[in-house]
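Numbering (the UniProt record's numbering), first residue to last: 1 to 1048.
No lab work stands behind these hints, which were simulated from the structure alone. Take the hints with a grain of salt, since some may be wrong.
[Unchecked claim] Cut-off 25 Å, straight-line C-alpha distance, at most; resulting in silico cross-link-like pairs (BS3-like, lysine-lysine): (1) Lys714 to Lys725; (2) Lys117 to Lys29; (3) Lys514 to Lys374; (4) Lys272 to Lys296; (5) Lys421 to Lys507.
[As the list claims (entries may be wrong)] Simulated DEER-style distance windows between Cβ atoms: (6) Lys355 to His621: 48 to 58 Å; (7) Asp441 to Ile262: 43 to 53 Å; (8) Thr22 to His85: 22 to 32 Å; (9) Gln848 to Leu777: 23 to 33 Å; (10) Asp619 to Thr816: 24 to 34 Å; (11) Leu777 to His621: 47 to 57 Å; (12) Glu309 to Gln436: 41 to 51 Å; (13) Arg805 to Leu777: 14 to 24 Å; (14) Met729 to Thr1035: 52 to 62 Å.
It should be emphasised that the depicted structure is a prediction, and the values quoted were computed from it without experimental measurement. Backbone N, C-alpha and C fix where the C-beta goes; we use that ideal spot for every residue, glycine too.
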Amino acid sequence: MDITELLQCFACTLDHNAAVRTNAETHLKNASKVPGFLGACLDIIAADEVPENIKLSASLYFKNKITYGWSAGARQGSNELLDSHVDPDEKPVVKDMLIKTMVSVSKTSPRCIRVLKSALTVIISEDYPSKKWGNLLPNSLELLANEDITVTYVGLLCLAEIFRTYRWKNNDERQDLEELILNYFPALLNYGANVLFQDGKYMNNEQIGELVKLIIKIYKFVSYHDLPFTLQRSESFTPWACFFVSIIQQPLPQEVLAISDIEVRSKNPWVKCKKWALANLYRLFQRYASTSLTRKFQYDEFKQMYCEEFLTQFLQVVFDQIEKWGTGQLWLSDECLYYILNFVEQCVVQKTTWKLVGPHYNVILQHVIFPLLKPTAETLEAFDNDPQEYINRNMDFWDVGYSPDLAALALLTTCVTKRGKTTLQPTLEFMVSTLQNAVGDYNNIMLDNALQIESCLRIFSSIIDRLITKDSPFASEMEKFILTYVLPFFKSQYGFLQSRVCDICSKLGSMDFKDPIITSTIYEGVMNCLNNSSNSLPVELTAALALQTFISDDQFNMKLSEHVVPTMQKLLSLSNDFESDVISGVMQDFVEQFAEQLQPFGVELMNTLVQQFLKLAIDLHETSNLDPDSFTNVDSIPDESDKQMAALGILSTTISILLSFENSPEILKNLEQSFYPAAEFILKNDIEDFYRECCEFVENSTFLLRDITPISWKILELIGECNRKPDSMVSYYLSDFMLALNNILIYGRNELKKNEFYTKIIFEIYQKAVTAEDNSLDDLRVVFDLSQELVLALDDSLPQQYRERLLADVVGSILTQKNELKTNVVFSVTAFNVVISNMITEPLITLQYLKQQGCLEIFFQTWITDYIPNYKRCYDIKLSVLALLKIILKLESNDYSVLNLENLVPQLGSIVTQLASRLPTALRQLANQRKEFSSSGFEEDTKWDENFLDVGDDDENDDEGDLTEKYLELIKNRADSLDFVDGYDAKETFDDLEEDPLTGSILDTVDVYKVFKESIANLQHVDSNRYQGILRHLTPADQELFMGIMNA
1 MDITELLQCF ACTLDHNAAV RTNAETHLKN ASKVPGFLGA CLDIIAADEV
51 PENIKLSASL YFKNKITYGW SAGARQGSNE LLDSHVDPDE KPVVKDMLIK
101 TMVSVSKTSP RCIRVLKSAL TVIISEDYPS KKWGNLLPNS LELLANEDIT
151 VTYVGLLCLA EIFRTYRWKN NDERQDLEEL ILNYFPALLN YGANVLFQDG
201 KYMNNEQIGE LVKLIIKIYK FVSYHDLPFT LQRSESFTPW ACFFVSIIQQ
251 PLPQEVLAIS DIEVRSKNPW VKCKKWALAN LYRLFQRYAS TSLTRKFQYD
301 EFKQMYCEEF LTQFLQVVFD QIEKWGTGQL WLSDECLYYI LNFVEQCVVQ
351 KTTWKLVGPH YNVILQHVIF PLLKPTAETL EAFDNDPQEY INRNMDFWDV
401 GYSPDLAALA LLTTCVTKRG KTTLQPTLEF MVSTLQNAVG DYNNIMLDNA
451 LQIESCLRIF SSIIDRLITK DSPFASEMEK FILTYVLPFF KSQYGFLQSR
501 VCDICSKLGS MDFKDPIITS TIYEGVMNCL NNSSNSLPVE LTAALALQTF
551 ISDDQFNMKL SEHVVPTMQK LLSLSNDFES DVISGVMQDF VEQFAEQLQP
601 FGVELMNTLV QQFLKLAIDL HETSNLDPDS FTNVDSIPDE SDKQMAALGI
651 LSTTISILLS FENSPEILKN LEQSFYPAAE FILKNDIEDF YRECCEFVEN
701 STFLLRDITP ISWKILELIG ECNRKPDSMV SYYLSDFMLA LNNILIYGRN
751 ELKKNEFYTK IIFEIYQKAV TAEDNSLDDL RVVFDLSQEL VLALDDSLPQ
801 QYRERLLADV VGSILTQKNE LKTNVVFSVT AFNVVISNMI TEPLITLQYL
851 KQQGCLEIFF QTWITDYIPN YKRCYDIKLS VLALLKIILK LESNDYSVLN
901 LENLVPQLGS IVTQLASRLP TALRQLANQR KEFSSSGFEE DTKWDENFLD
951 VGDDDENDDE GDLTEKYLEL IKNRADSLDF VDGYDAKETF DDLEEDPLTG
1001 SILDTVDVYK VFKESIANLQ HVDSNRYQGI LRHLTPADQE LFMGIMNA
């Protein structure tokens, strides 16, 4: 490998000229296939004379090659330069050179170290657990003994990656770890505490801080998922815990505190040391030393030691940190505050530790929670200049990273939920007192007072559910509180207060206001906030959510009904400005509530929504095609989850609009036409996330029209094109596509019988799905649903080669599962139904095929003995009755003999009569299900519950009969006795065969009794002997049922 030429290639990849860059990348692609390429890259990175930017380019290329090529099963990147595996003969050389290179550049090229560390992680995660890097541990320890801390850093990096490989394993799976901890953790702790930290002696040295951070993270890796037995011992836990506490308590040097940029200051290694020290101690408490319903590990001795010997003293450290922070004596990073508040919250949950925290609740509320919930200067700036960020961070839509204000809210809600008897009253009193002092003149509030008001209202917003529940002791006070301290801020000069009032109103839906002025005030305030052009996005958004809450309130609805169209236009505008599904949800409810008023604008609405969807979908598609390796770190990769949820919400709204035009077929067709561009983009670009919504639209439009329009046929063609692609995911998402395919087979069956082009599309979908790798029984169940529907839809028009393939596939599966046909009921009945469907059109051919494959006896034995007596679904009953009638009517006496079914003939009359007699009951049950689905909602009578699983309070339950502990004991006893496994019985029953009341079937329109009577009459006419034979074998009870059906 010519290193000079390779060096030139890397230099040219940074050239401003695109042609030069392209040529260099082509040369690199060819060179990367030559053995020795990776070693040459490392030579370039290690060379002192090579410029930093070229070293970095080589490092990135090396990292990507390792990421995509080291493991035999590594995923392939979209960048074709990376699509080749590392030569196994080259791997030992690369491993040896990599560590040496990292040592070489550790002083001069820290950026390269960060990139190469990613490659090191990949190699160690792959080779160390499989014992392919035997000298890694001794080499790492050798580096650790070096006096040069840059060399030591590389050694610790290697050790950290070694211990990272144990992170997600249980103790039983990592027994060798115990020996490593015994041999090396004492020395590691000594090195960290007595050589590096030395009671804070070197806290102004960032390099040493990085080393200490790695040691703390090594402890994190081995204790995060499970706690090694060695570390559970007091002689091991205590010195490590003391080390962590000493780091937490050690003041930061002035050089760090002088950094004005808080984000930069938070990235200081010593600040991160404090963060991870707190995180480790919190994790140990939360996961291994707490009582909870979800606790997986039962380490009672460690729990006792932690709580009795450490927790009380550490809690004092925590309170000391909080007190100093509250008085401004101590700066804490957001991450440190986050873990401190999480720790305190965990203490609130535990009965024993609540006694330690409870007396301090008022101080925590007033001096920690309250100030953390006051908007900062950055928050106010975001409100004005980055409203989307403000909404996400301050309106409780999601939890963002290490957010101390959200941790404060979590602590608060846990206090009032778990310890309401002692916390709700003082919380309310503090809010009222603070609001009284801060308000004064509503029309002239100073900014500092407004910030205090916002904090109080945010507190109220987060605990409101506990205050307004039915029978809450505070419910009677809430109307006055809301009228006095909340609603006046609709007219505040501060937008963030208007937004908060709307947020609170969005949570008042369950309140039944006695004073009608409240609803009237809310309506006026919400509509003003929504429509005032001077308002910012957060105000408009929260106003829309408040509108959604009250949209079904009679008084609110009556006023709103006069402004439906302009309000819908405003919501559409908001949806375009704010990428989230929340506005789509508001629009969906709005459309459902005011469908009649919006009908004249239905097509216009659909067009607007489709254009908004396409805008989002195009952005999502472009982002999905980005090569993740073009980003230097994970944080640089765009997070498009908001756009995705917004797009899904828009699609749901289009379906709501469609459903509102149930009785307008021409408008429905126009809506289909408007929706088509969305379906086309989804299917042509394989956007899997939207397959289901696209098919739901088709399902609903075809159902409402009871017809397959040219647009729906075009969508079927698009599905076919999508399915034919080599990497198609149609098979994987077949259950989603069945929504559309089911209705196409029901309402388009006549066209399918005439047009083999469309039939072929559906059969190809079936073919690809049934042959997909790793099909589970559930996957095959969906495939066989499609198979039987295809058979029923095409009837005798089904091409013979299709029927042969469908039968071959299903009979093969039945024979494979022959020993589980009674236990895997859902799969087996579905598979049998494919055969039974074929019997309806071609009974003799189907039965002959079963006999040829050696499946006839097991089929009839299972069908007649196990399935037919247990059928409950209308569909199963109808299908089997129709098939049995065909067997009775179409087979000749000689056919029974050839098939060895002579013994079945006397039973057929009784079987089909008894089965058909059960149909009315099944039909009534299905009708009742449909009524349930169409009936209005349910009662939301949430009550104040003080005793449910300790969700209320433990304040008066501190005896041995504590509910939580009783429940834990119950769970443990049930688990020990194996009363349940994973929440369900492994053996399925016929109750698991659900009949979807909202999904149609080809058999829905079949009058089985009419077919029964016509078939029996026909048999009497053409073969009176067989007719008489059937009657002769009926019992008196069966004869009565038979005559009842014939006379129905």
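The hints, checked one at a time:
Among the hinted pairs, Lys714 with Lys725 is consistent with the structure: their alpha-carbon atoms are about 17 Å apart, no more than 25 Å. Between Lys117 and Lys29 the CA atoms are separated by roughly 23 Å; this keeps the pair inside 25 Å, and the hint holds. Between the alpha carbons of Lys514 and Lys374 the distance comes to roughly 32 Å, so the proposed pair goes past 25 Å and is violated. Our distance criterion of 25 Å between C-alpha atoms is broken by Lys272 and Lys296, whose separation comes to about 29 Å.
The hinted pair formed by Lys421 and Lys507 meets the criterion: a straight-line CA distance of about 22 Å does not exceed 25 Å. Distance hint for Lys355 and His621: a CB-CB separation of about 56 Å, consistent with the stated range 48 to 58 Å. Separation of Asp441 from Ile262 is about 35 Å and departs from the stated range, judged on CB atoms against 43 to 53 Å. Our hint of 22 to 32 Å for Thr22 and His85 holds, since their Cβ atoms are close to 24 Å apart.
For the pair Gln848 and Leu777, the beta carbons lie near 27 Å from each other, so the given range of 23 to 33 Å is met. The hinted window of 24 to 34 Å between Asp619 and Thr816 is violated, with their beta carbons roughly 46 Å apart. Range check, Leu777 to His621: Cβ separation about 34 Å, and the 47 to 57 Å hint is violated. Our hint of 41 to 51 Å for Glu309 and Gln436 holds, since their Cβ atoms are close to 46 Å apart.
Taking the beta carbon of each, Arg805 and Leu777 are about 20 Å apart, inside 14 to 24 Å as hinted. Judged by the Cβ atoms, the range 52 to 62 Å given for Met729 and Thr1035 holds: they are separated by roughly 54 Å.
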